[in-house]
Amino acid sequence: MRRGQYQGPACPRCGGVLDLGQLGSGESRCPHCGLLFLASAFPAPVVRDRVTSLAEAGPQGAAPCARHPGNAAVGNCSRCGVFLCALCRIAIDGQELCPGCFDRLNAEEALSTARTRIRDFRGLAVSLGVFGLLVSCFGLITGPLTLYLVRRAFQQRKHLQEQGGRTALVLAAMLGVLQILIGLFMILAMFVPAALQGTGS
Amino acid sequence: MSEPREPRSYLGSAHSVTERVRVYWTETALEVDHVESYEIRRQRVLFDEIQLVTLHSKRGGTLPWAFLGLGAFTGLCSIGPLVTGGTGTSIGQGILAVALVICTLGALLYLTPIWVVTAFGRRTKARMGFRLREAKARNLYARICQATAATQRALQASVPVEQSGKSEAEEPSFPAPPPLPLSDSDPLI
Numbered sequence: 003m004r005r006g007q008y009q010g011p012a013c014p015r016c017g018g019v020l021d022l023g024q025l026g027s028g029e030s031r032c033p034h035c036g037l038l039f040l041a042s043a044f045p046a047p048v049v050r051d052r053v054t055s056l057a058e059a060g061p062q063g064a065a066p067c068a069r070h071p072g073n074a075a076v077g078n079c080s081r082c083g084v085f086l087c088a089l090c091r092i093a094i095d096g097q098e099l100c101p102g103c104f105d106r107l108n109a110e111e112a113l114s115t116a117r118t119r120i121r122d123f124r125g126l127a128v129s130l131g132v133f134g135l136l137v138s139c140f141g142l143i144t145g146p147l148t149l150y151l152v153r154r155a156f157q158q159r160k161h162l163q164e165q166g167g168r169t170a171l172v173l174a175a176m177l178g179v180l181q182i183l184i185g186l187f188m189i190l191a192m193f194v195p196a197a198l199q200g201t202g203s
Numbered sequence: 237m238s239e240p241r242e243p244r245s246y247l248g249s250a251h252s253v254t255e256r257v258r259v260y261w262t263e264t265a266l267e268v269d270h271v272e273s274y275e276i277r278r279q280r281v282l283f284d285e286i287q288l289v290t291l292h293s294k295r296g297g298t299l300p301w302a303f304l305g306l307g308a309f310t311g312l313c314s315i316g317p318l319v320t321g322g323t324g325t326s327i328g329q330g331i332l333a334v335a336l337v338i339c340t341l342g343a344l345l346y347l348t349p350i351w352v353v354t355a356f357g358r359r360t361k362a363r364m365g366f367r368l369r370e371a372k373a374r375n376l377y378a379r380i381c382q383a384t385a386a387t388q389r390a391l392q393a394s395v396p397v398e399q400s401g402k403s404e405a406e407e408p409s410f411p412a413p414p415p416l417p418l419s420d421s422d423p424l425i
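As they're listed, the protein sequences go chains A and B. Heads up, the first sequence is in the working numbering, so the first residue is 3 and it goes up one at a time. Heads up, the second sequence is in the working numbering, so the first residue is 237 and it goes up one at a time.
Stretch-level coverage of chain B by chain A, calculated; a stretch enters the list once three of its residues show a Cβ under 8 Å from a Cβ in chain A:
1) 243 to 251
2) 271 to 280
3) 288 to 294
4) 346 to 356
5) 359 to 366
6) 374 to 384
Treat the hints as calculated values from the structure; they're not laboratory data. Where is the CB? At the ideal position from N, CA and C, for every residue including glycine.
Same shape as in the complex, but just chain A (with noise of 0.2 Å):
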């Protein structure tokens, strides 16, 4: 497996894939191109809620899921209040949401844990801070916009509580500042001279 579709694990050196039940944890070779590495393997258990049915629940103080009406509730939705059982009950970002309303706030990328594709300002600053400055001469265009993209990639760190990255960001803000101060002395070497053979004449 080289790309495409994973397939679980697998040799770190050829990509063949390993049965975990012969893997021990150390040195461990691989069957496929007989190389060595060092590997710990991990049960990784799977827990499933337990789903309580309304029958099993007793009539006593058990409501039924707005979904399943067999299965008792375990909660209420934190956005619409449905009654949720322990199939329908999705946690996220501190919430308990039934699915309708976890489709409805993804869709909206209102659940920023559930976000999977995000715009990588950070690479578009640092960019544009290397090629506004090969492009100097359109410095007051590239230079704002390169000190925006900045802007924007600090407030994203923020957002996403990322540690690192800020010299990449302080680096871009310093070509985005060096690209308008060229910007400006191509304007200024352009007219001021014009200007002054203007008035001398």
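Dock chain B against chain A, hints included.
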């Protein structure tokens, strides 16, 4: 409406010609960011789903040979005029000499060993490479093993006995996590 995310810290990266991957540590998982043309595709390898953690070293690949070939080509180009008695321009020879030095340094860089830590989860994996930083790779390997063992042990303990349906003899065994820090001498890798 959503709660603030748990803080995360940068662990390492695994860049290749075709993809750029950054890996972060959070309290519950390793977050893998695949950078795809200024968009990040995020995956998580949860500690309670990790099945295998590996550590190995590798060196070389195709890149050092490409650098060496390019270096040899520029070297031949720079000494060619001298051998044939021709007179090359000093600027051209200087550029070729700089290119030769860069190619040689590139080849040497890619010939140095890189230590790779890989965490295989049930649904995805996280991979990080550390060039010339063996101690850091070993410490991270041990840290991931310890966090995984602690998380899975706590998860196993939280399951009621009647639900797990297993006797004590059938309890899954967790590997003893490597001590921190590990020794630098390791003949197997």
